[in-house]
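J.: Going line by line, the protein sequences match chains X and Y.
According to my numbering, the stretch in the first sequence is residues 385 to 688, in order.
According to my numbering, the stretch in the second sequence is residues -7 to 242, in order.
Keep in mind the hints are simulated off the structure, nothing from the lab.
Remember, predicted model here, so these are calculated numbers, not experimental data.
Glycine residues also receive a C-beta, built at the ideal position from the N, C-alpha and C atoms.
Please note that the accuracy of each hint is not assured.
To be verified - Computed beta-carbon distance windows for the label pairs:
1. 21/Y x 675/X: 50 to 56 Å
2. 31/Y x 461/X: 52 to 58 Å
3. 609/X x 79/Y: 43 to 49 Å
4. 118/Y x 522/X: 53 to 59 Å
To be verified - Covered, in the sense of this in silico footprint (three residues per stretch, anywhere, with C-beta under 8 Å from a C-beta of chain Y), are these stretches of chain X:
5. 559 to 566
6. 598 to 607
So you can see what is in the structure, the chains are spelled out below.
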Amino acid sequence: MIGFLQHLIDALALGSIYALTALGIGLLFGILRLINFAHGDLITVGAYALIVPAADVTARLMIGSWTPAAVVVAISMIVVVAALLTDAAVFRPLRTASPPTLMIASFAVSYIIQNGILMFYGARPKAVDFWSGANVQITIGALRVPLLQLITLAVTLVLMAALTVFLRRTPQGVQMRAAAEDFRMAQYLGVRGNVVIGLAFAISGVLAAAVSMLYITQSGSLTFQMGVPLALFAFVAVVIGGMGSLAGAVAGGFLLGFIVTMLQAYLPPDLRAFRDAFAFAFVILVLLVRPSGLLPSRTTVERV
Amino acid sequence: MAALLEVENLSVRYGDLMALRSASLSVDEGEVVCIIGPNGAGKSTTLAAIAGGVRPVSGDIRLEGRSIVGRRPEHIARLRLSLVPEGRHIFGTLTVEENLQIGGYMLGDRAAARAGMERLLGHFPRLRERLRYPAARLSGGEQQMLAVARAVMTRPRLLLVDEPSLGLAPRIIDQIYEILLELRQREKLTLLINEQSSARILKFADRIYVLRGGAVQVEGRAADLRDGEAIHRAYFGFGTQDSAPAETAA
């Protein structure tokens, strides 16, 4: 039982990372119908921004050595700017393009970011010692929980609550929900399309920056492709949850975190190498039962 | 003096289909002008092009003498021109109140927007009762009323309404037209309305354009067209007194 609880906490922490990433992808999909695979590379950008640009294997912290508050602000700003740049340079000129075109463009952005990082930091994975103090274990009864997992869960809950308040209570948030439901109609009512889209990119940047910091603290290593599997899993989470539904993206993220963690824990050792294959098989099962996802967005269903 | 709205030789193409061929019309301040015509005549395209939602291949659209062709819809909305599109396009997951608020944000003045909403709700008691409901739960007639109220929240001078009667019961349609007339007086609106059927419109409008095949067939004062013959001829391509139409049988 204790073992299962331990795994459950692991699952919540991993699910948090997937959920935050899925929210960033889901938000842009809701408004632009863009499946932004470059979102994972924004996470990579945030992670590499912590260190001195050099090809050394052991990374030296640059921004990462500042006080935590300064790190959070600086990394968030860098990733937000990167996200806004991808919009200005690539997605804005493609505003009237079809969703498949946008998705292909996001692959291009993804490769450009990865190769940019390769140029400045080299291809070899780097070890990085960032906020490693957060990896201490604290004991709750018979449970030993890494502090970082609690922080991850707390950060995720705070960001989700903040996003909810933003979407429900602020004029910009209400406009964003309206634009996600019917972009053209929102424009007819004076909602500035590019402002709403820019804001959505900025929010997705903040979410990506949070994942950068949490993920690096846990893994302690950097590679120029580290964001790719995160984007893939988050995209799968968005699909499980129901395309276009933010609550669905979060639910999908946590479900996927749960599945992956439990497979890792309980699969026979010989099969653990195929963990992701089992996880995705489970995803297929979920979609066979609920083809439009766990919490489908009514508007997307109507529009497709 | 220039008309409030002038549309000159407007052509719109969707792929191979010419939806509008060199259509011209004008609306003066304070008028109620109706465009009638069958399905596919180009009525919705005309209104969407005026509101900036569809880009014409040629022609000009002027609001108070200034060309607005090529401007984004959100800019045209700020010139105090508002469109109630066909099919209403209610934000179903938003509450009724949020739907109305969307229309008011553009004003940049919260107090004025709130006062505007309060005044508008006087015309729409049904909406006031349902402010906190998700708009998707409203009936079709209530949704049409919400669509009109939401558009008026932007404080337009010129309101374009695309087929307000679509899919609604006659009693509800009468209510909606009554409200449009009230709003016209209280809010000093100029109205440009699309409809498929002409009977109700003839009582209501100052002037009428009949659109068929993407071109204006007939235009005139509603009073002059009241016998219906000219409209019938324009609408169907043959008159009530003609024998079986040879060209449509082919």
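J.: Hint by hint, note whether the structure agrees.
T.: Results for each hint:
| no. | hint | verdict |
| --- | --- | --- |
| 1 | 21/Y x 675/X: 50 to 56 Å | holds, 53 Å |
| 2 | 31/Y x 461/X: 52 to 58 Å | holds, 53 Å |
| 3 | 609/X x 79/Y: 43 to 49 Å | holds, 45 Å |
| 4 | 118/Y x 522/X: 53 to 59 Å | holds, 57 Å |
| 5 | 559 to 566 | holds (count 5) |
| 6 | 598 to 607 | violated (count 0) |
Checked against the numbered hints given earlier, this structure breaks only hint 6.
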